[in-house]
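Once you have looked at the hints, place chain B on chain A.
Taken in sequence, the protein lines are chains A and B. Each residue of the first sequence is one higher than the one before, starting from 1 at the first, in the numbering used here. Each residue of the second sequence is one higher than the one before, starting from 1 at the first, in the numbering used here.
By construction, these hints were calculated from the structure, which means they are not laboratory data. Just so it is clear, the structure is predicted and the values come from calculations on it, not from any experiment. It is possible that part of the hints are untrue.
The list treats identical chains as one, so a pair stands whether inside a single copy or across any two.
[Claimed, not checked] Once the Cα atoms are required to be at most 30 Å apart in a straight line, the calculated DSSO-like pairs of lysine-lysine come out as:
| hint | residue 1 | residue 2 |
| --- | --- | --- |
| 1 | Lys263 | Lys68 |
| 2 | Lys173 | Lys146 |
| 3 | Lys178 | Lys146 |
| 4 | Lys58 | Lys173 |
| 5 | Lys336 | Lys31 |
As a plain string of letters, each chain reads:
2 protein chains.
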Amino acid sequence: LGSGMFVHVRKLLQDLPAYDLALLLESSPTKTRTVLWQLIDTDHHGDVLEELNEEVRKGILKTMRPEKLAEVTEGMDVDDIAEVLRALPDSVYRQVLNSMDSQDRGRVEQALSYEEDTAGGIMNTDTITIRADVTVDVVLRYLRLKGELPESTDSFYVVDRQDHFIGSVALAKLVTAKPEVGISALIDEDIQAVNAKLPETEVAQLFERYDWFSAPVVDDDGRLLGRITVDDVVDIIREEAEHSMMSMAGLDDEADTFAPILKSTQQRSVWLGVNLITAIFAVVVSNMFEDILSQLTILAILNTLVPSMGGVAGNQTLTLVIRGLALGHVGDSNAKALLYKELAVGFLNGVIWALLIAAVVGVWKQDMTLAGIIAFAMLMNMTAAGIAGVTIPLMLKRMKIDPALAGSVILTTVTDVVGIFAFLGTATLLIGY
Amino acid sequence: LGSGMFVHVRKLLQDLPAYDLALLLESSPTKTRTVLWQLIDTDHHGDVLEELNEEVRKGILKTMRPEKLAEVTEGMDVDDIAEVLRALPDSVYRQVLNSMDSQDRGRVEQALSYEEDTAGGIMNTDTITIRADVTVDVVLRYLRLKGELPESTDSFYVVDRQDHFIGSVALAKLVTAKPEVGISALIDEDIQAVNAKLPETEVAQLFERYDWFSAPVVDDDGRLLGRITVDDVVDIIREEAEHSMMSMAGLDDEADTFAPILKSTQQRSVWLGVNLITAIFAVVVSNMFEDILSQLTILAILNTLVPSMGGVAGNQTLTLVIRGLALGHVGDSNAKALLYKELAVGFLNGVIWALLIAAVVGVWKQDMTLAGIIAFAMLMNMTAAGIAGVTIPLMLKRMKIDPALAGSVILTTVTDVVGIFAFLGTATLLIGY
Chain A
1 LGSGMFVHVR KLLQDLPAYD LALLLESSPT KTRTVLWQLI DTDHHGDVLE
51 ELNEEVRKGI LKTMRPEKLA EVTEGMDVDD IAEVLRALPD SVYRQVLNSM
101 DSQDRGRVEQ ALSYEEDTAG GIMNTDTITI RADVTVDVVL RYLRLKGELP
151 ESTDSFYVVD RQDHFIGSVA LAKLVTAKPE VGISALIDED IQAVNAKLPE
201 TEVAQLFERY DWFSAPVVDD DGRLLGRITV DDVVDIIREE AEHSMMSMAG
251 LDDEADTFAP ILKSTQQRSV WLGVNLITAI FAVVVSNMFE DILSQLTILA
301 ILNTLVPSMG GVAGNQTLTL VIRGLALGHV GDSNAKALLY KELAVGFLNG
351 VIWALLIAAV VGVWKQDMTL AGIIAFAMLM NMTAAGIAGV TIPLMLKRMK
401 IDPALAGSVI LTTVTDVVGI FAFLGTATLL IGY
Chain B
1 LGSGMFVHVR KLLQDLPAYD LALLLESSPT KTRTVLWQLI DTDHHGDVLE
51 ELNEEVRKGI LKTMRPEKLA EVTEGMDVDD IAEVLRALPD SVYRQVLNSM
101 DSQDRGRVEQ ALSYEEDTAG GIMNTDTITI RADVTVDVVL RYLRLKGELP
151 ESTDSFYVVD RQDHFIGSVA LAKLVTAKPE VGISALIDED IQAVNAKLPE
201 TEVAQLFERY DWFSAPVVDD DGRLLGRITV DDVVDIIREE AEHSMMSMAG
251 LDDEADTFAP ILKSTQQRSV WLGVNLITAI FAVVVSNMFE DILSQLTILA
301 ILNTLVPSMG GVAGNQTLTL VIRGLALGHV GDSNAKALLY KELAVGFLNG
351 VIWALLIAAV VGVWKQDMTL AGIIAFAMLM NMTAAGIAGV TIPLMLKRMK
401 IDPALAGSVI LTTVTDVVGI FAFLGTATLL IGY
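Chain A with its partners taken away, still in its complex shape (with noise of 0.2 Å):
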């Protein structure tokens, strides 16, 4: 991006979808990133946002001033209005919400009364709703009287006079109906209504259930709200299935990967400092050995390997369970079969690797005790992993603490000082004399 070349910038930026400029920023650094805004056409700036992941978002919207917001809003869907609004600090949105006029800012105020992540948060209002006992061919001269739907409109939802939702109309029906039918006789009994309540992950496994494009969303008294479409659906998935991964190098999932360098550090400095107080305990189990490490040189330069081996083996289980707890594929139920499963499996890897180790330890060193004390802690820290893997997550679950945030902190920690004991504890008692 050199200079002189803005003109020739802003023409290139003025043809690309909003999709493409919002992943141009997200991979841009910071300061490139401030540079390209200001080029991005203005009309283009509502849609731009939508498409911005979350810290990105936030790191722009301060740049900007409470009129202009309300400006680059105007033509924004209410759902993610609402989300941008929640990324403001309290007074500038006030500012932002005075500013539009008054249905608009009834629409993103009902919005802003869901949580964040639930089906209500997550809705956009522009719903046709039809009455049951009118025919087929009334509904298609209204539409054609309209002249436009919504985007992505597939389906109407029926209504009393109350508002309150009876029924869908799937479009395809309509089409394919006779014109003297009634609109009742076309309502799909598969579509249910979703509270606005319900957490979006929940929604957006009903969405993967029954294949849906869009569902209607209703409050507490069965009244009509909103709907959700499949496409706010699609992000809800990508954004729970990367927590998992991003969570368990410790990380937040909305983490912007060219954050500035001051920002980035502070970040990671939390699971680092998690992991110094964890890898100490371990050196603090280690110390307990003092002695037998002091005459026996080599106990200290194998002693990485059994809490190595254990620690890939339990993450393997725990990474196993914490998808089973997501898919909802690991319950109550079932966790005790899984348990004896992978006890079974652990137990099974640690003959496999204690044989192996103490082949090798043996052959290396002909000391065929410490070759026996190795494989005598491996089999013993694999089966520890293999109990650790399944309880750990379970037990967080039930704490009502992420799997995927706490689990492998806990697990290392676990495999780390049954290896160690298991280990030098052993040598200790067999030749530490």
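Chain B in isolation, oriented as in the chain A frame:
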């Protein structure tokens, strides 16, 4: 699942949707699974097979006779039949194909002619095509005559006499247009045709980018072959996102949580074997410093700290880069900027934790030389971790190796070796005589 309860269970199962039955099967140990499968109504077998994950499905297919399978596939979508058939051994696969009627066989064979993970492999052939020169009124009358549309139809495809794709017309446009308008005026320019050979992950990106509900699939000559709907794309997105997490633990992303013990043990042993080799490598490096380790036991005790912190820091960077690669945020153009950033983050984190660990060791052991050595090693290793976390996945990607699968092993090897060398090497130079 007690004895004598079979009739009762069979009734219960009859009322569950296919998605729930699939979930139930996936959540059951292998033995229960076989019993449950026999209790499920054979009419539902096809739908349930569609929903099952690959590994569980393979297990069940093994138990079925070919004639039975041909029967079961009758009501299934073409893309799902193709997926099931791909899981079968060659001889059975031929038998199933031969027992289908010729039209179905033709369609399935076409789907099978494309790779499993391309647009052609996931498309359906139940499209509705119309000519460009007819009016809205003609199309609406044709649809009413037809009486029913294929599941989740939201648009029609305009083709010429040779079946070349011309454009897509949304159902929503059709119902709001005036009856005398020509179809060519309603074509949605935003919908592009997807080539049947396009990889499914790129198809998913297009859907996310343009918020499509469905998209037409064409061959190299632009002839319409079928369509892809968003519900198939949702599955791809979930699988893709899970893939990274599972790969990082050395697991297959289609791995069955309740696979038989022997099978699980075997699947995991590959990864454990790779880890054993890298762990032995670290042991060999430690072994080079046998002299200093035998002189100072405290070095042996502290030896795990530096590699452990480097491993965690490196994995954070690695995870971020792997996600960035998957989302398309990280490429050749910004790799350098990212490298500088992570190098700086690694160095800064190194300074912080070096000072902290020096303070801890200094206070604990009252040894300022030792504190200085471990601080220096920590700084070196954290910086190396930042560099390795960026360069390893980028290099693997260039070598067409999956960074999620191989990245963390290679990274841990680097941080282990650098950590041990920096710590024990410096100690040897400064105090080892």
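Okay, the hints, checked on the actual structure:
In this assembly of identical chains, the alpha carbons of Lys263 and Lys68 lie at most 30 Å apart only when taken from the same copy (27 Å versus 60 Å across copies). For a Cα distance limit of 30 Å, the shortest separation of Lys173 from Lys146 qualifies both inside one copy, at 19 Å, and across copies, at 11 Å. Taking the closest pair of Cα atoms, Lys178 and Lys146 come within 30 Å of each other both inside a single copy (21 Å) and across two copies (11 Å). Taking identical chains as interchangeable, the C-alpha atoms of Lys58 and Lys173 are never at most 30 Å apart, the minima being 43 Å within one chain and 37 Å between chains.
Taking the shortest Cα distances, Lys336 and Lys31 sit within 30 Å of each other only across copies (15 Å), while inside one copy they are farther apart (53 Å).
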